[in-house]
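Visitor: Residue numbers (numbering that gives the first Met the number 0), protein chains in the order written: chain A, 0 to 292; chain B, 0 to 621; chain C, 0 to 364; chain D, 0 to 172; chain E, 0 to 185.
No lab work stands behind these hints, which were simulated from the structure alone.
Just to be clear, a hint being listed does not mean it is correct.
Said to hold, decoys possible - In the DSSO-like style, the derived pairs of lysine-lysine whose C-alpha atoms are separated by at most 30 Å in a straight line are:
#, chain 1, residue 1, chain 2, residue 2
1, B, K130, B, K144
2, B, K79, C, K273
3, B, K167, C, K273
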Amino acid sequence: MIIKVISIIVLPLIALIIGFFFLGLSRKVIARIHRRYGPPISQPLIDVIKLINQESISHGKLFDMGVILSLAGSVILVLFIPFGGIAPLATSGDLLVIIYLMLLAPLGVALSGGEAANPNVSIGISRKMMLALGYEVPFLFSLLAVMTWYKTTSLVEVVKAQQSFLWAIFYLPLPAVAYFMILPAMLGIRPFDIVSAPQEIASGTAVEYGGRYLALTTIQHAFHIFIDIALFVNLFLGGGNLLTFFVKMLVVFLLGLFINAVFPRLRIDQAIKYCWKWPAILALVGLIIARII
Amino acid sequence: MKEKSKVNGKPSLLGPFKAIKYLFKKPVTLRYPFELKEPSLRCRGFHLNDWDKCTGCGNCADICPNEAVTMVEIPEIEAKPGEKNERPQIDYGRCCFCGLCVDICPPGSLRLSRDYFHIHFKTSTFNLLAKDEKIDKEHFLPADKYSVFKASLAHRKKDNEGFSSELKYSLFEPKRVSMPQVKPEERKLSFVEQVLGYSKEEAKQEASRCLECKLCEDACPAHLKISDYVRAIYEDKPDESLRKIFEDNPIPAICGRICMAHCEDACSLGKRGEPVAVRWLKRYASDMIEDYKKTLRLKPAKSIDKKVAVIGAGPGGLSVAYFLRLKGYTVTVFDSLPGGGGMMRIGPPPYRLPIESIDKDVSHIASLGVKFRFNTTVGKDILFEDIYKNYDAIHLGIGMTVSHSTRVKNSEKAYLALQFLQENKIGKKVKVGKEIIVIGGGNVAIDVAREALRLQHIQYPEEKVITKTVSLEDWDIMPATKEEIEDAKAEGIQFNPGWGPKEIKIEDSKVKGLLCIKVKSVFDEQRRFRPTFYEEKEMFLKGDMVIEAIGQGPNFSFIPKELFKKLEFTPRRKIKVTEFGQTSIPKVFAGGDIVNLNLDAITAIADAKRAAEGIDLYLKGN
Amino acid sequence: MRELELYFGPQHLGMVGNFSITLKVEGDQILEAHANPGWLHRGFEKLMEYRTWIQNFPLVCRINVIEPDSMEMVYAMAVEKLAKIEVPERANYIRAIVLELSRLASHLFGCWAYANMLGFDTVAQWAMYHRDLILDLFEQLTGARVYHIYICPGGVRRDLPEGFKEKALNTLHTIGGCIPDYDATFFNNRLFYERAKGIGKITREEAKELGVTGQILRATGINFDIRKVEPYAVYDKVDFEIPTREDGDAYSRVWIIRDEMIQSVHTIMQCLEKIPEGEVYKRVPNPFKWNIPKGETYVRVESSRGELGLYMVSNGKDKPYRVHFRTPSYPHGLLVLEKLLKNASIADVGNIMISLYVTAPEIDR
Amino acid sequence: MNKLKKELKSSFKGIRTGILEDNRLAVSAPKDAVLPILSFLKNKGYEHLSLISCVDWIEEKELELVYVITSYLQKNDEYADNERLHILLKTRISRENPEFKTLVPIFKNAEPYERELHELFGINFEGNKRLTPLLLERAYKIPPFRKDFNTREYVKEKFDKISFVEEKKNERA
Amino acid sequence: MDRGSIKKWLKAPGKMGQKYSFWVVYFCTGCGIIEIPPTITSRWDAERFGVIPVATPRQANLFLITGYVSVKTLRAIIRTYEQMPDPKYTVGFGSCPINGGMYWDSYNTIKHLDKYIPVDGWIAGCMPRPESIFIAVTHLWTMIDKGMATGYIKYREKYKNYRKNQEEALGKLEWPPLYPVGDKNE
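Please take these sequences and the hints and turn them into a complete structure.
Guide: Here is the structure:
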């Protein structure tokens, strides 16, 4: 029992550290592709410390509630995803719960966005919803493919099933590729970072966030990165113990980063068309194959 | 690398991943505070100014499009006549680092350095009095003590000169418009005027060179309005430029030819290039207009019944007469020579100052109503006492008329310079020998030598003739102007500087030559004229004629004893005058060579101007 | 959907110069756009009437910050035409080199702006790095990075420093060498092709009607380039061709930029080979007393964005009487932009604007 | 070049033509002849209006409008000489109440130039629908680009009178 | 460059945080904007010191006023400056905001920027180079350490004078005063 309580506390911290590490690493790697020395790895931490000390202008209660809600959603989500050995609440919840909790973060942002009377934010939120619509379809198909293949909805069984022999990626290559193709959309990085496009709509939903709100959103973004990649590793790469799990996450993250570095931003309609065209078909075919065999 | 531009391949999805190769290459960033970038040799940063070369002319302040440069008075620099003690101060809240001030700077003292960092939270620190590492030791640090982190206007790197001015690309024209002159071979044969004067375009071209920095006006003893009359010539309005000259100088034709041109020594263009030919432009202005009276139409003021006597019609006398006449006084001028001009009439030979130009100026002053009494030497034809009695004020402008003699053994055989010049110019020509030796190193000596050379060529057209000069002073301290010495050398006159006359050798009452001894030093430590010689080193110069031109002295013989006793003198044997030219005798004023030390025409005119003020005050005052 | 009033305002990440557009937006569709310049207006022509000819020379290159040299060139040519000054041959070659280098720099800046507006940082960083190499060349040649104040009436202010030729050649080789990288990652990028194809399409008649010059006109197929029509400096002695495209949309405009970069690298190399010896600066009369005879002239130069013209009137005094700059992005920023923005999507506002290379200081002067 | 000159002279009366340089033709025409000349030039192939400028001749109390017209390339490959020709069409209008007809029906791209001249010189072009302010932020009594608007006095009495917030009172000149 | 010393982080995290992550509001007010891209891109790379351009004033804490300020832009500058959260620093770029620069006699540019908003640092140069911008960053570091970078506090205390100057230059301002200006008549 005590181990469960400790792991409930430890897992979010680990997720936070890994999230910040990934953020710092992403800025460093992208900088190296730009042929320059990027900022130190600990730069996101410095940014958060600075933002906490900055004066934050709030637009009323609902505005604050929205930000806290989205952060809370991400933290809970972290608890449901097994990270190597530690899986505090994973046994009680399963993939359906995760899908449901995935929606809390955009909801929180929408809530606070509505309060701030800035047109950019409303456009940002509409884009976020459309993008979510865009990548939910292939995401669900690939999850269904995994569930039907292993005939279970609980993540822990899926991970246990993969321990014994080959990982799921060799059985279900198509859903894995589909999931990987929409990973940038879920993370909100370059080809799909329409939501927070600084050039077009002045960093989208984060327009009104000053000091502490921005710190909370960065933390929420760090959690979000951890969640998506950990989910991918659990579903398709059968996360082993702590170290191998981290290495797999690192590899997946770096591959996603390369896509980010070399592609311009798509328009929202192109993004959705792209998400529905290739990844959706692959995931569907993978689902059918999983069904037949 | 130059494949054809039509490689418009189908845009691929996987192509861009080639960019990942840079992940493993060395980044190109220049990590600034730790790796420094070497600024280029022509970098345009903050200003450096070499204070000894800078003349404070203010051209950089005039050219600056943003009025960033202001001239600031610097008390500790002593203001010489040709240089102001102002230095440019640059306001970096206005400066656009264009470097125009560097290109216009005549002495080339203003330069831009290669450091350009100055960050401060107070805007008042953005003014910089441009200095150089020679003057400002503590702000300029050697390379090891200089650190980029503390970079500011007060913390700059030593010898860090960037954009500096080059004569080829300067905004001013360094070379002078060449004056058409008669060639040396031709001019030594006759007395034709050497300088032929500018044509209209040449004068406009030369006048366009003046940057109007007004340094020349401070240097000129008479403070002529030089930049105005040069601009008038540029806008080809010679009458307007003449009017500007006549405000300070009534005898432009004379001054245009023989002035010592202090202005050209002070001209800031002269520091690196050739100065603006101010004297020749004044001469051009006076030559262009034949009849001053018609163009200037100067009308004297309401006539006052006071009478003023002017003794000596030299430049000083003529100017006093002109100024007082304009103020309305009735002026009479006494001169022993047949015409006006005093020393100018007899001194400079015709190739430098022809008689017509003297008469042109004098006749204009006469036309204003000044009465001239020529051929009347005071003390002989008319006594000084009755002048003193029946004239309300007297101006002494008698100048130096007595030529000194070296009083060396049988020096009575030698000619004196002034007589020699006087006879040649207005009397009959003097019979000269084949080899002439001229003793002396000043302008008068050079005139005598060149005139003697011309006479030799006229009187012995084919034979070989030589003129030699012997002067105590060596090349560097020879008092004659550099220009004169060059012209004389071009005409073939031999110079023997640094030799003193010892004895004139005589054989059967004909001069055989001059025995000279080597000079050790000319001036003693208080710069007084006390020559010392090496007794043993001697040299014998063959020559059948000797002319002494070692300086002139005043002749006060015509003043009666009791008045002469009241006159006070300065230690250097000059008349002591107040700044209005009033001598110790209240009624008597004085000016010209007998008062000042420059011994040239323009200083005489300056004294005359002040004396005219003095006389006016004296007559109105009490 | 209710109608929104959106400000693509002066304060905007990635915008070149400060320029604001007020958009009437319905959902993601723009109904109507009004360009609102004037943020950078300094009244240049008024200031030039208060300064003498030489004092205007450092002022004139400040009009457009991205390509100051064509401004200096057009002012120098106008003054030389009015005052009938002949420029030595070597100065013409150096002027051509400086103009082509600044065209290369401004095209690279255009690439930075366009890639940055599309959120494509990798190419933006490379383009800026190569532009910085060119700025180092300029610093060697003229002493300053951005405002060179180098092409002055009467020639060029200083001669080439020694060792400039080798430095220039190896900078050009590095840039030339990177063009394949640009091709792979930027010009032939599928997503960029998606994003820029068919955006901001303008037909040949519309272009002619709106007084468009430069790449936008050449993108519609007319190869109108003032360097060929009215050769100035040494463009008649150097052979280079004018790239054109047919379909006049943003994608073809970018391709023209790419080809023009290669052409200007060629021209610089040819100029560096053929440069003769001799004088570089023919002395201009004294700056305080330089009265240019009465007259007027209209001179034009091909700047990196189109036809840059200067109408100058002098009335015999030492200051210009009236100066009027015809800047290339004046019609582009006001007419073409408003026309293209009608019923485009919000995401493409920046895309269209930067593909037209609208620079705000040129509009406001 | 002079072929065109003769044509212009024949078809319109009261215009004076002078050649500025090798390919610049200066034509000055009375006020009402401008629009017909422009449409005549347009269908002769000169359809690129590169600039409308205005010169304020303050001594003669007149504003002079200058239209610079040239042509695009007809055929792509060779550059016929008439492409290089520039026509500077000049007219004089009074300075007190400067009125002029708009050019938008003939040259669509004249609209921004007219807006700018309206704002900086005070000429109103009737028929131009969008004469709204373009560059300036506030209204000036005298339009700023006119010769009698002295910008240095304006700066002295407008900006230099505003005092600094505090401490830097003393040393700023 | 004391970014690494943990002791300083623990002692004053707020100061150290501000020092090593300047977020610059990307607003090109004048012609100085040409030197910002080279600074933030690969040749000079300001990101090494944590300097990143951000889109909205809400997130920024450093405001670079690059080059001359025309009257219309001043209105936008004041609004942007007032929207920025509190520990904010401004740096005046080039010679135009200091004393009018090249456009000292232009009717449409303001001459002394510090009459309208407080400025913590001025950089000399007509278009200061990227190196000067880095020196400005180090200058701001020392100012923050010494606690002298108090532009925003001065703005709050002396808001009445600033507001008066702004209204004198721009005429009626359409947004309400940021801090209570007290009644107009005293």
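Visitor: Could you run down the list of hints and mark each one as holding or not?
Guide: Hint by hint, here is what the structure shows:
{"no.": "1", "hint": "B:K130 with B:K144", "verdict": "holds (19 Å)"}
{"no.": "2", "hint": "B:K79 with C:K273", "verdict": "violated (53 Å)"}
{"no.": "3", "hint": "B:K167 with C:K273", "verdict": "holds (24 Å)"}
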